[in-house]
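Participant: Residues per chain, in single letters:
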Amino acid sequence: MSLVTPAIEPNPLREGLEQERVPDASCLVIFGASGDLTQRKLIPALYSLAHDGLLPAGQTIIGYARPDYTDDAFRIAMRESCDKFARTRPVDEAVWENFAKGLFYVRGEFGEPDGIIRLNEKMKECDDSRGTGGRRIYYLAVPPQFFPVIAELLGREKMVTDPEQGGPFTRVIIEKPFGHDLKSARELNHVAVSTFRERQVFRIDHYLGKETVQNLLVLRFANGIFEPFWNRQYIDHVQITVAESIGVEKRGPYFETAGISRDIIQNHMLQLVSLIGMEPPVAFEADAVRDEKVKVLRALREFPRGRETEVAVRGQYVDGSVLGEKAVAYRKEVKVAPNSNVDTYAALKIFIDNWRWADVPFYIRAGKRLPKRVTDISIHFRPAPYPLFHKLANVKMQPNVLAIRIQPDEGISLKFDSKVPGPTVRTAPVTMEFRYATSFGAEPPEAYERLLLETMLGDSTLFARRDEVETAWAWLDPLLNAWAADPAGPSTYSAGTWGPEAADQLIEHDGRKWRRP
Amino acid sequence: MTDLSTADIRVDVNAIEKSLSELWRGQQDGEDAVTRAALWNVVAHTSTSDLHASASETLGRASAVVPQRTIVVRSNPADEAELTSWISANCHLIGDGKQVCSEEINIVAGGDRIHRVPPVVSALLIPDMPVAFWWLGDLPNEHEAYVELLLESADRLIVDSAHFDSPADLALVVRIAEQTSTSPADLNWGRLEEWRSATASIFDPPQMRNRLDTIRRVRVIAGSSNHEFFGESIESLLFASWLSAQVGHVVESSGTVQGSSGTIDYAFEKRYQSTDVGGIAQVEISFADGTCASIMRDRDRGVLVANVDGSVMVQSVTRTLNQRLDELIVRQLKRSEGDRVLRRVLPLALKLSKRV
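Residue numbers (the working numbering), protein chains in the order written: chain E, 1 to 517; chain G, 1 to 356.
Quick caveat, the hints were computed from the structure, so don't treat them as lab data. Honestly, I wouldn't trust all of these hints.
[To be verified] Sample of chain E residues lacking proximity to chain G, with all beta carbon distances greater than 10 Å (derived): (1) Pro12; (2) Arg14; (3) Ser81; (4) Ser184; (5) Asn223; (6) Gly224; (7) Ile225; (8) Thr257; (9) Val318; (10) Ala337; (11) Glu433; (12) Ser439; (13) Gly458; (14) Thr461.
[What the hints assert, rightly or not] Restraint-style ranges between C-beta atoms, simulated for each label pair: (15) Ala267/G / Asp114/E: 49 to 57 Å; (16) Pro399/E / Ile126/G: 42 to 50 Å; (17) Thr48/G / Asp459/E: 49 to 57 Å; (18) Gln165/E / Asp128/G: 51 to 59 Å; (19) Ile126/G / Glu227/E: 22 to 30 Å; (20) Pro399/E / Asp138/G: 41 to 49 Å; (21) Ala267/G / Asp72/E: 57 to 65 Å; (22) Lys101/E / Thr48/G: 45 to 53 Å; (23) Asp72/E / Leu125/G: 55 to 63 Å; (24) Pro399/E / Leu51/G: 26 to 34 Å; (25) Gly511/E / Trp24/G: 38 to 46 Å; (26) Ile126/G / Asp477/E: 52 to 60 Å; (27) Ala7/G / Asp72/E: 50 to 58 Å.
Idealized CB from N, CA, C, for every residue including glycine.
Take the sequences, apply the hints, and build the full model.
Facilitator: Set out below in structure tokens:
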């Protein structure tokens, strides 16, 4: 007798509908339900999914946290969150009423067995009353130190089941940071797979939930025009900028342990590098896509030992002004050490040592308190092989640039030279632009909406796999160690500028310039 | 911020493209940033000035969401012989002070000049961009050749079957779908989307999936104006045909529906109401074990509510959608491919039309 639960045919009435895929109802437990993430992102995202008809009728959400809420008090608090933060505002009363019927709250400490037992009883009740059929999703919106405790209790109370063992599904969602370095990431992953199987673990990097990041795959692999040029023969270099105009705000204590390199470079930035650099996957399936991404990470050239500063610059903002408003230095931010050496800016020159990208530099930079909030990827092509027009006066040939704007004002533009109308041959750069807002009008779903739905559907394509996380740490660790051992600390830059001078020198040394995004 | 939409500019039919270039050059001279955009060619065909005005207004609103080159044609052989045209820009603010502008071309033809309409329209289509042809009003099934000539370059034919006065109109759409590469699209099918979604939600729970095979009776109640007008029945017909097609029922040429274990009883009922004439008000689906699923419109709360007797299934609530014409058009234009389900449903609806 097979232990495997037979697959159920898809609902034929969903064919052709906007909501073609609706998951089976489950109990989604949010550990850390009183936190900011739950209120600002998770519940508003779940409500918006319900609003758009993408949640099944019996979908159940159980908040688990320390404060002593009743179900009704939790519902009132979550309603306020949706009123403030949901994409689909104003809140639709009828949809909310139905959504709120599936919202429950269980009070408990993260390491408290009684709390976990109460949670289990509540979920069993919901199996009977709401048809959730033993299906479970645990969202760990908690600091990483609580992960082992929660995982162990869930395992001990037999609250983890697996369809391959004949049971309903259990999935667990983990928020970054996925460790602090390679060692801690391995420990975290070890804890995860001691209770769950790797395919049950969904590591959220919210960048992968962004429409424009997903569009990188479509741009590259659904269009015949780009792929032939997407290699060292035609591409001179690639630039990626992740800029934020805000400082660390209330996240001082976290940022003091992370810095920009752990907060942005190790995850979001390397996800972008791997999507730009990867080979075509054999299928648009979770493991096929992630196999190719991890190959890029494995091919990243190691930092030159003892000469890390030749390819990496770190910075920290000092007093300045952003968008005309005064901004205080990082060291003066709340709960930040006055002599902190944490990096709030990093610029790296990296190489992917493989056949496609040999010796093509990727210049990547990320920073806080930069002049504006923007995430931008630009592909800079090599010049035409023969400078036919160079001998003519008034002609200054510019390289072609394909720019992909991830946020805000998402879109793609291509810069090329064109003849200026008139009797003499003069050229000028022009751009062809595609903007999401112009072409598609409607506001795209929030990243968390997409990622929560994909988890419910069991598709892990948009989530980081264990080997991706560990390979990224293995590559970055030597640089972080070198910086930690360097008493000089980061270079400084005024808030509201594009980073320290050393970052400009990093790229200008190669005869190139940062693109103004 | 200046609204850069323009008033109508009368132009020579033979120089429409040139006039459009001049219009855009003029727009770039101002201080405001303008983006000219188009994802579709949308040709609206009308026969009266009222319909012409309605099409122009509707597509002007739709272009805010789906930028398009809009061509609105008023063509009536009974009108005075003439061929005139004018152009305008529909501009919409998208934030950051930027405006996206779509162009609109209007053509009026009467008498024997209507024969110039198909080549003029064809010459005005933006290359490499799909063409949607929206036919307003009743389809002229008696002038099939004229319709076919106009549709030669159309990827999509948009009709509103609520205006069909006989099954012959439905038959014409079925023939176009079967014999040409033009995909049919029906605004009435768009109105049905919330009903399809609410019905599908009943069968989402895994334990409900196999009950699709045990459907014995389907009762569809729709609003009626007390006039015997064919278009009032189409939404019900499309719903029943959709359920049959997706579940695998066989609709015989007589209109009888056969399931795996015998005849399925489809009942079409009408209920007088002064608004939402033709729109479905209630659906009941009965199963072999005597239980019943029902979907009701709750007009006050703006939702459809689905329940199942004798099941742990939680009540499902589906938000009703905006049914304004421009919203229905936008939903059609947001589909890059033709609707394969509608293609399957239309021939069944034609067979079932014998039942109403």
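Participant: It remains to establish, for every hint, whether it holds in the given structure.
Facilitator: Outcome of the hint check:
At the 10 Å boundary, the C-beta of Pro12/E falls inside the reach of chain G, the nearest C-beta of that chain being 4 Å off. With 10 Å as the threshold on Cβ separation, the claim that Arg14/E sits away from chain G is violated: the shortest Cβ distance comes to roughly 5 Å. Non-interface status of Ser81/E relative to chain G is upheld: no Cβ of that chain comes within 10 Å, the nearest being about 20 Å off. The beta carbon of Ser184/E is kept farther than 10 Å from every beta carbon of chain G, the shortest such distance being approximately 40 Å.
Every beta carbon of chain G lies more than 10 Å from that of Asn223/E, the smallest distance being close to 14 Å; the non-interface claim holds. Under the 10 Å C-beta cut-off, the non-interface status given to Gly224/E relative to chain G holds; the minimum distance is some 14 Å. The beta carbon of Ile225/E is kept farther than 10 Å from every beta carbon of chain G, the shortest such distance being approximately 13 Å. For Thr257/E, the requirement that its beta carbon stay farther than 10 Å from each beta carbon of chain G is met, with the minimum near 37 Å.
Every CB of chain G is more than 10 Å from the CB of Val318/E (nearest about 30 Å), matching its label as outside the interface. Chain G leaves Ala337/E outside its interface by the beta-carbon criterion, the shortest separation being 39 Å against a cut-off of 10 Å. For Glu433/E, the condition that its CB be more than 10 Å from all CB atoms of chain G is violated, with the nearest at approximately 7 Å. Remark: the non-interface label on Ser439/E conflicts with the geometry, its nearest Cβ contact in chain G lying 6 Å away (cut-off 10 Å).
With a minimum CB-CB distance of about 14 Å to chain G, Gly458/E clears the 10 Å threshold, and the non-interface call stands. Non-interface status of Thr461/E relative to chain G is upheld: no Cβ of that chain comes within 10 Å, the nearest being about 22 Å off. A C-beta distance of roughly 56 Å is found between Ala267/G and Asp114/E, which places it inside the suggested range of 49 to 57 Å. The supplied range of 42 to 50 Å is broken by Pro399/E and Ile126/G, whose beta-carbon atoms lie about 30 Å from each other.
Distance hint check for Thr48/G and Asp459/E: the Cβ-Cβ separation is about 51 Å, which falls inside the suggested range of 49 to 57 Å. Remark: the range hint 51 to 59 Å for Gln165/E to Asp128/G is upheld by a beta-carbon distance near 53 Å. Between Ile126/G and Glu227/E the C-beta distance comes to about 27 Å, which sits within the given range of 22 to 30 Å. For Pro399/E paired with Asp138/G, a C-beta distance near 58 Å fails the hint of 41 to 49 Å.
Restraint check, Ala267/G to Asp72/E: a C-beta distance of roughly 43 Å breaks the suggested window 57 to 65 Å. Range check, Lys101/E to Thr48/G: Cβ separation about 50 Å, and the 45 to 53 Å hint holds. The hinted range of 55 to 63 Å is satisfied by Asp72/E and Leu125/G, whose Cβ atoms lie roughly 59 Å apart. Separated by about 53 Å at the C-beta atoms, Pro399/E and Leu51/G break the suggested range of 26 to 34 Å.
The hint said 38 to 46 Å for the Cβ distance between Gly511/E and Trp24/G, and at roughly 39 Å that hint holds. The given range of 52 to 60 Å is respected by Ile126/G and Asp477/E, whose C-beta atoms sit roughly 54 Å from each other. One distance hint, 50 to 58 Å for the beta-carbon pair Ala7/G and Asp72/E, holds here, with the actual separation near 57 Å.
This entry does not satisfy hints 1, 2, 11, 12, 16, 20, 21, 24, going by the numbered hints stated previously.
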